[in-house]
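A.B. asks: Take the sequence shown: its letters are residues 630 to 778, numbered as in this note's numbering.
Careful, some of the hints might be misleading.
[What the hints assert, rightly or not] Quick list of in silico lysine-lysine cross-link-like pairs, DSSO-like style, CA-CA up to 27 Å:
no.	residue 1	residue 2
1	LYS678	LYS706
2	LYS731	LYS656
3	LYS766	LYS755
4	LYS704	LYS746
5	LYS658	LYS678
6	LYS720	LYS696
7	LYS704	LYS731
8	LYS743	LYS755
9	LYS717	LYS706
10	LYS732	LYS743
11	LYS737	LYS696
12	LYS696	LYS717
13	LYS731	LYS661
14	LYS661	LYS717
15	LYS661	LYS755
16	LYS678	LYS704
17	LYS751	LYS739
18	LYS661	LYS720
19	LYS743	LYS770
20	LYS652	LYS696
21	LYS678	LYS773
22	LYS658	LYS731
23	LYS656	LYS737
24	LYS720	LYS737
25	LYS658	LYS746
26	LYS739	LYS658
27	LYS737	LYS717
28	LYS770	LYS678
29	LYS706	LYS732
30	LYS720	LYS678
31	LYS755	LYS658
[As the list claims (entries may be wrong)] Simulated DEER-style distance windows between Cβ atoms:
no.	residue 1	residue 2	range
32	GLU712	GLU677	48 to 54 Å
33	SER699	LYS739	30 to 36 Å
34	LEU703	ARG769	16 to 22 Å
35	MET768	VAL675	38 to 44 Å
36	VAL675	THR775	35 to 41 Å
37	ARG761	THR715	23 to 29 Å
Hints were generated in silico from the structure; no laboratory data involved. Cβ coordinates follow ideal geometry from the N, Cα and C atoms, glycine included.
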Amino acid sequence: MKKILTLTLLLFVCLNIAAQKRKNREKIKALKIAFLTQELNLNTDVAEKFWPIYNEFQDNLDALRRKGMSDIRLKLKNAGGFEALTEKESKTFVQSKINLDKKELAEKEKFLAKVSKVLSYKQILKLQLSERDFARKLMRKYRKKTDKK
């Protein structure tokens, strides 16, 4: 009986942590949308066209990064970790990362082709700078939170 209770409690805690992470991701995404909308000064018509393109791009980029890095980590783990790698194997891993970077670049170029029909290049540049600003602000906020602990 104690085992069942312990397992149930453990499952509940794990699900709660997963739900909290999901909630935090959604909150960050909402903050990013608000920040970028304000920085780009998007009107309703442009925003309706822009956000589906941007969200698709972000989803594709996230999936590509997740899959690519998990594949690299899995291969690295199966090879016995960093210390067990030969120079030849290390070169293969570096090349895998470069290939992942090339795929990300192709995704960014595809996004640029689509979004340039909705935003001006001046706005696209502002988008790129604003994304970086948002990431920096988020990191500063995170650092302040961890410094207080």
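A.B. asks: Hint by hint, note whether the structure agrees.
C.D. replies: Here is what the structure says about each hint:
1. Between LYS678 and LYS706, the direct Cα distance comes to roughly 43 Å. Violation of the 27 Å bound is thereby established for this hinted pair.
2. Between LYS731 and LYS656, the direct Cα distance comes to roughly 30 Å. Violation of the 27 Å bound is thereby established for this hinted pair.
3. Straight-line distance between C-alpha atoms of LYS766 and LYS755 comes to about 16 Å, which keeps the hinted pair within the 27 Å bound.
4. Restraint check: the Cα-Cα separation between LYS704 and LYS746 comes to about 40 Å, which exceeds 27 Å; the hinted pair is violated.
5. The straight-line distance between the Cα atoms of LYS658 and LYS678 is roughly 18 Å, inside the 27 Å bound, and the hint therefore holds.
6. Annotation: proposed proximity of LYS720 to LYS696 holds, straight-line Cα distance about 20 Å (limit 27 Å).
7. The suggested pairing of LYS704 with LYS731 holds, with an alpha-carbon distance near 19 Å, which does not exceed 27 Å.
8. The suggested pairing of LYS743 with LYS755 holds, with an alpha-carbon distance near 16 Å, which does not exceed 27 Å.
9. Taking the CA atoms of LYS717 and LYS706, the gap is near 16 Å; set against the 27 Å cutoff, the hint holds.
10. Taking the CA atoms of LYS732 and LYS743, the gap is near 17 Å; set against the 27 Å cutoff, the hint holds.
11. Taking the CA atoms of LYS737 and LYS696, the gap is about 17 Å. The hint holds against a cut of 27 Å.
12. For a cut-off of 27 Å, the pair hint linking LYS696 to LYS717 stands: about 23 Å separates their Cα positions.
13. For the given pair, LYS731 sits about 26 Å from LYS661 by alpha-carbon distance, which is consistent with the 27 Å threshold.
14. For the given pair, LYS661 sits about 42 Å from LYS717 by alpha-carbon distance, which is inconsistent with the 27 Å threshold.
15. A C-alpha spacing of about 14 Å is found between LYS661 and LYS755, which places the hinted pair at or below 27 Å, so the restraint holds.
16. Pair hint LYS678 plus LYS704 does not hold up; C-alpha atoms about 40 Å apart against a cutoff of 27 Å.
17. For the proposed pair LYS751 and LYS739, the alpha carbon gap of about 18 Å is at most 27 Å, so the pair holds.
18. A hinted pair counts as satisfied when its Cα atoms are at most 27 Å apart, and LYS661 with LYS720 does not qualify at roughly 37 Å.
19. For the hint linking LYS743 to LYS770, the alpha-carbon distance of about 33 Å lies beyond 27 Å, and the restraint is violated.
20. Our distance criterion of 27 Å between C-alpha atoms is met by LYS652 and LYS696, whose separation comes to about 22 Å.
21. For the hint pairing LYS678 with LYS773, the CA-to-CA distance comes to about 36 Å; that exceeds 27 Å, so the pair is violated.
22. For a cut-off of 27 Å, the pair hint linking LYS658 to LYS731 stands: about 25 Å separates their Cα positions.
23. Among the hinted pairs, LYS656 with LYS737 is consistent with the structure: their alpha-carbon atoms are about 24 Å apart, no more than 27 Å.
24. A distance of roughly 26 Å separates the Cα atoms of LYS720 and LYS737; the hinted pair therefore holds under the 27 Å criterion.
25. A distance of roughly 24 Å separates the Cα atoms of LYS658 and LYS746; the hinted pair therefore holds under the 27 Å criterion.
26. Restraint check: the Cα-Cα separation between LYS739 and LYS658 comes to about 22 Å, which is no more than 27 Å; the hinted pair holds.
27. Of the supplied pair hints, the one linking LYS737 and LYS717 is violated, its CA atoms being roughly 30 Å apart against a limit of 27 Å.
28. A hinted pair counts as satisfied when its Cα atoms are at most 27 Å apart, and LYS770 with LYS678 does not qualify at roughly 31 Å.
29. This hinted pair checks out: LYS706 and LYS732 have alpha carbons roughly 23 Å apart, not beyond 27 Å.
30. Taking the CA atoms of LYS720 and LYS678, the gap is near 43 Å; set against the 27 Å cutoff, the hint is violated.
31. With a CA separation close to 18 Å, the supplied pair LYS755 and LYS658 stays within the 27 Å bound.
32. The hinted range of 48 to 54 Å is satisfied by GLU712 and GLU677, whose Cβ atoms lie roughly 53 Å apart.
33. Between SER699 and LYS739 the C-beta distance comes to about 22 Å, which lies outside the given range of 30 to 36 Å.
34. Checked against the hint of 16 to 22 Å, the pair LEU703 and ARG769 fails, with Cβ atoms roughly 33 Å apart.
35. Roughly 29 Å separates the CB atoms of MET768 and VAL675, a value that falls outside the hinted 38 to 44 Å.
36. For VAL675 paired with THR775, a C-beta distance near 37 Å keeps the hint of 35 to 41 Å intact.
37. ARG761 and THR715 have their C-beta atoms about 37 Å apart, which leaves the hinted 23 to 29 Å range violated.
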